[in-house]
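Protein chains: 2
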Amino acid sequence: MEKGPLDVVGIGNAIVDVISHAEEKDLDDLKLAKGAMTLIDVTRAEFLYESMTPVTEVSGGSAANTMVGFAQLGGTAGYIGKVRNDQLGKVFRYDISAANVEFPTSPTVTGPPTARCLIFVTPDAQRTMETYLGASVGLGPGDINRGLVQRAKLTYLEGYLWDESAAKEAFVLASKIAHGAGNKVALTLSDSFCVERHRKSFRDLVEAHIDILFANETEILSLYQAKSFDQALQQIRGCCEVAALTRSEKGSVIITGGEVHLINAEPTDHVMDTTGAGDLFAAGFLFGLSRGYKLAVCGRIGSICSAEIIGHFGARPEASLNQLIAEKMGPDVLD
Amino acid sequence: MEKGPLDVVGIGNAIVDVISHAEEKDLDDLKLAKGAMTLIDVTRAEFLYESMTPVTEVSGGSAANTMVGFAQLGGTAGYIGKVRNDQLGKVFRYDISAANVEFPTSPTVTGPPTARCLIFVTPDAQRTMETYLGASVGLGPGDINRGLVQRAKLTYLEGYLWDESAAKEAFVLASKIAHGAGNKVALTLSDSFCVERHRKSFRDLVEAHIDILFANETEILSLYQAKSFDQALQQIRGCCEVAALTRSEKGSVIITGGEVHLINAEPTDHVMDTTGAGDLFAAGFLFGLSRGYKLAVCGRIGSICSAEIIGHFGARPEASLNQLIAEKMGPDVLD
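Chains as they are written, first to last, in our numbering: chain F, 50 to 384; chain H, 50 to 384.
No lab work stands behind these hints: they were computed from the structure.
A couple of the hints might just be wrong.
As the list makes no split between identical chains, a pair holds if one copy fits it or if it spans any two.
With a straight-line Cα cutoff of 27 angstroms, these simulated DSSO-like cross-link-like pairs (lysine-lysine) come out [claimed, not checked]:
id	residue 1	residue 2
1	K52	K233
2	K276	K343
3	K233	K343
4	K276	K377
5	K249	K74
6	K139	K377
7	K276	K299
8	K276	K52
9	K83	K377
10	K249	K217
11	K377	K299
12	K202	K83
13	K202	K52
14	K225	K80
15	K249	K276
16	K343	K299
So that you can see chain F by itself, here it is in the shape it has in the complex (with noise of 0.2 angstroms):
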């Protein structure tokens, strides 16, 4: 059966994010650094997870809660991530797919166990984080599933994949079947550190195969050793065709060809955890996008998306963000 056109398939690290309840207590017994997010080893990942009760297991990484956001914003839309046929691999597969995100990549039978980021939440609402790659790292170019790609208007690529060899060419070449089929590539930095190990060439990526390019601040500014904002924001100019660079509290600015717009922070009464705010950013400014919205409408969207997500804990939209979009900025917004 020939399967319709989608707005966008993101490719990314597929983790299953595994939230539980800690005390203060717990986190000495397991030697855990309050508040930080720690990279480790299958052994330790293992060892941590027997010993937590989970609440929550969903369907996490950067790429897959815009493609989760993104379809709940009423977009059609794909994933492309590396899961291993183990327990959470299934987790991941289930709950991305109830979300509505076409997930057609074939989970590893051997190697390391499905990525997990393992989540304690304390009393007093801090989190601490415990991430394994596992799996989610040995995504490769056979992965590129190159019917979803053709069919795919946008496909969006998650930076953190730019540390593996074989994830880095699996970009190059979903982009040139993107292109190939007359679609269009995005990709968003995810990371300043990531930026700083492989600058040359994420600037020779942006040059060569981004339309659209999402970073915040210090990833811009990593991206051209900027000494400002502002000359960042002269150098991406002209790099690609509409670059989105999100600031926290001062809002976002979009810039394309002749146009530069600066949209404004969606007020929030508190901000409890920042956790996915660009990843929900770029799901509705992508959104707006794909309805071909003016370039203002799709980052108040995005703005508002983010907006939402930073006032509660998780990446995963609490309310409904077509019903924000639409009380915000009226109901003719949204088809």
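Here the structure of chain F is known, so what remains is to put chain H in place on it, guided by the hints.
For chain H alone, kept in the frame of chain F given last:
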């Protein structure tokens, strides 16, 4: 004797700032609305002035503050503004001349006395301001010193004067003289209520005569009745050569034909009194322009000058602006 060229000439409300200390009881006795800026008439002005023990009397008014800052930075500046031939008129002339700003406008010999802003500073560091506009608003086309405007590479107009029809004529005349001599014209919108009262004619002025526009966020929103800063940004673009929009702690945005620059606000330890922040931003920005610096550098100089002013009471710099700029930007920025 032929006089040399000037970098800039400002035209505005010539007001003497009269500052005195006051107790809470004095405010009550004098029936002053603490913390407010109130416009008062001549009887009240004379009465209040009699009751004060001034600690300082300095030339004030928005454009005059800008000219004094500009001269302090090392530029050559002139000023056109109306005082009466009375004691405060002499204070104004003495003070602005001592700041190295050329001030040839002859005083009136009849009519209302020199304008003054009576400032009562209570022990809690609050300012209560009573402004009498007096002679200052009597400025008309006859006061526009043709030679001065021709000599100045830039004529800087203060929007506050736009309430008076003779002053409007004076502005248009000055703009024509400036452009006729191959010079540029700048305008600061001064006040969102003033913009609201004269929106249409301000827009016409900007389109027909203004090369460089200064405005803060509320002023530019008011000028275009825009719902968001971004909307106003798109509107101002192309209406004048350069627009410099200040956004308090969000920094400033500089727009010219094909370029947009985002300048961070200069970090400050504390904000004591925002009076003069816009005036000194304009001084720094125009000084940079007069030296042929890039727009982003001009914006940064403006931010540094602005940050100095808000760190203490009053609209006159207390630190050496040159030294501050050299410290923050390196000694080569200022010649």
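Open item on the list: Under the constraints set out in the numbered hints, which ones does this structure not fulfil?
Closed with: Hint check: 5, 6, 8, 9, 12, 14 fail, others pass.
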